[in-house]
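Asks: Next come the chains, spelled out residue by residue.
Number of protein chains: 2
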Amino acid sequence: MDKMSFSHHISHQYNAELSKIVNNVMRMGELVQQQLADAMVALVEGDSARGEQVVTSDYKVNAFEVRIDEACTHVLARRHPAASDLRLVIAVVKTITDLERIGDEAERIGRMALHLLEADRRRSPMEEVAALGELVQKMLHGALEAFAHMDAAQAVKVAQEDNQADAQYEAIVRHLMQSMEEDPKSVASIMDILWSARSLERIGDRSCNICEYVVYFVLGKDVRHTSFEQMAAEATGDRR
Amino acid sequence: MDKMSFSHHISHQYNAELSKIVNNVMRMGELVQQQLADAMVALVEGDSARGEQVVTSDYKVNAFEVRIDEACTHVLARRHPAASDLRLVIAVVKTITDLERIGDEAERIGRMALHLLEADRRRSPMEEVAALGELVQKMLHGALEAFAHMDAAQAVKVAQEDNQADAQYEAIVRHLMQSMEEDPKSVASIMDILWSARSLERIGDRSCNICEYVVYFVLGKDVRHTSFEQMAAEATGDRR
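Taken in sequence, the protein lines are chains A and B.
Under this note's numbering, the first residue of the first sequence is numbered 1, with each subsequent residue one higher.
Under this note's numbering, the first residue of the second sequence is numbered 1, with each subsequent residue one higher.
For reference, chain A alone in the conformation it holds in the complex:
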């Protein structure tokens, strides 16, 4: 939280409350990143212990969400934040919703990995899914870094990578559909991989959402439903 630019208040208590909230978002982010990393090892390397780990740890992510939500409500009720403090609290409330859902998607991937292992149907090539997993993990990490430093330029950079994630995802879907046509017996196992790829694509979208909240905090402007080009122009101050 070195560069976070919320106002400094005469009340040390208030400063401490805001810092604690942001630190907890970062801790929640680390946990969610670990969940996603474990899910990908389970899926790609067929590591059942890591899969079990993901499935049984989701409650920790949920607990973070509820706790941070309560802290935000407390600050809104007691401190009446204004300007950038208010935008910070709103950005936090929205960010933790997306982080929690990213945790859900990681759990889903973990379940699919276990499902594939149970049925011993790990015949399908995982290279493309592994590559998408790496890109999406990089996006999530970048989104959380942008959040930690409230860096709008980095947020825009991360959000722009979503085009590549979408393209990789669509290629995976095409190839998996082709595999199903060629080998109908493998439909069930291919579907597990398809759902996992879908979850990764959703995680990329949600990482972009977090980037949008960072831009909202920094610029005080809602950039959802605008193009990346517009967002980039806003973030760099180029308002043609």
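Certain hints may be false.
Heads up, the list lumps identical chains together, so a pair's fine if it works in one copy or across two of them.
Said to hold, decoys possible - Restricting the straight-line Cα-Cα distance to at most 27 Å, the calculated cross-link-like pairs of lysine-lysine (DSSO-like) are:
id : residue 1 : residue 2
1  : Lys60     : Lys94
2  : Lys60     : Lys20
3  : Lys221    : Lys60
4  : Lys60     : Lys185
5  : Lys94     : Lys221
6  : Lys138    : Lys221
7  : Lys94     : Lys185
8  : Lys20     : Lys221
9  : Lys20     : Lys94
10 : Lys221    : Lys157
11 : Lys138    : Lys20
12 : Lys20     : Lys185
13 : Lys185    : Lys138
Keep in mind the hints are simulated off the structure, nothing from the lab.
Fair warning: this is a prediction, and the values are worked out from it, not measured in the lab.
Since the structure of chain A is provided, determine the placement of chain B on it from the hints.
Replies: Below, chain B without anything else, positioned relative to chain A:
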């Protein structure tokens, strides 16, 4: 908004602001319901005009979200809402996020419907998907009714229907996978139907989220990540 129980303030202006926000959520809800209804007609009856309608109207849903979000930020900054007013504003901010995403899912179904029509591949039976669509439309309508009246008991009732939606969705997935195994040439068209069913299942989940925010508003307690049984016990005041 007849039974909405936010505090009545000496400031008529403040009352008017809160009423306007809730009315706009209801208008946004009506629009999203219409989008979903159009998407289902496009999918089940192969009505391309309705499909086009859904795809070209999504921007209206997005505009509602941004406008209501701004109104909530304004109220938080100027009015410093406390107690039930604060819970109302938080419930609204979360509800409109889910409504916007339900709009996105409806748009996706509209696109799948057009895709199926373009390729003239409408051979797969739609009865099960139509039935899931009806259930999910009923759930969304119920969630919005519960929101309009801030009726926790109705919210719990709607949320409990999600078990049935999940069961119907899983049956559809099983049957569609079987169809792909039996007729590999139809994989592409079946996938379009599968994605549509998936979107419906997600709309059911998001309708449940809205129900949880209603219970949060009424009870002042976060019921996410708790079972329906616990939620029902809370809503009826039975706190064993």
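Asks: Each hint needs a verdict: does it hold in this structure or not?
Replies: Hints and how they fare:
For the identical chains of this complex, lysine 60 and lysine 94 are neighbours both inside a copy (18 Å) and across copies (21 Å), given an alpha-carbon limit of 27 Å. When the C-alpha separation of lysine 60 and lysine 20 is checked against a cutoff of 27 Å, the pair qualifies only within one copy, where the shortest distance is 18 Å, while the shortest distance between copies is 38 Å. Taking the shortest Cα distances, lysine 221 and lysine 60 sit within 27 Å of each other only across copies (19 Å), while inside one copy they are farther apart (32 Å). Taking the shortest alpha-carbon separations for lysine 60 and lysine 185, neither the intra-copy value of 38 Å nor the inter-copy value of 44 Å comes in at or below 27 Å.
For the homomeric pair lysine 94 and lysine 221, the shortest alpha-carbon distances inside one copy (15 Å) and between copies (19 Å) are both at most 27 Å. For a Cα distance limit of 27 Å, the shortest separation of lysine 138 from lysine 221 inside one copy, 26 Å, qualifies, whereas the shortest one across copies, 36 Å, does not. For the homomeric pair lysine 94 and lysine 185, neither the shortest alpha-carbon distance inside one copy (43 Å) nor that between copies (43 Å) is at most 27 Å. In this assembly of identical chains, the alpha carbons of lysine 20 and lysine 221 lie at most 27 Å apart whether taken from the same copy (25 Å) or from different copies (22 Å).
Taking the shortest alpha-carbon separations for lysine 20 and lysine 94, both the intra-copy value of 17 Å and the inter-copy value of 22 Å come in at or below 27 Å. With identical chains, the CA atoms of lysine 221 and lysine 157 are at most 27 Å apart within one copy only, with a shortest distance of 18 Å there and 38 Å across copies. In the homo-oligomer, the alpha carbons of lysine 138 and lysine 20 lie at most 27 Å apart inside one protomer (25 Å), although the nearest pairing across protomers, at 42 Å, exceeds that limit. Proximity of lysine 20 and lysine 185 under a CA criterion of 27 Å is satisfied in neither setting, with 53 Å inside one chain copy and 56 Å between copies.
Taking identical chains as interchangeable, the C-alpha atoms of lysine 185 and lysine 138 are never at most 27 Å apart, the minima being 34 Å within one chain and 37 Å between chains.
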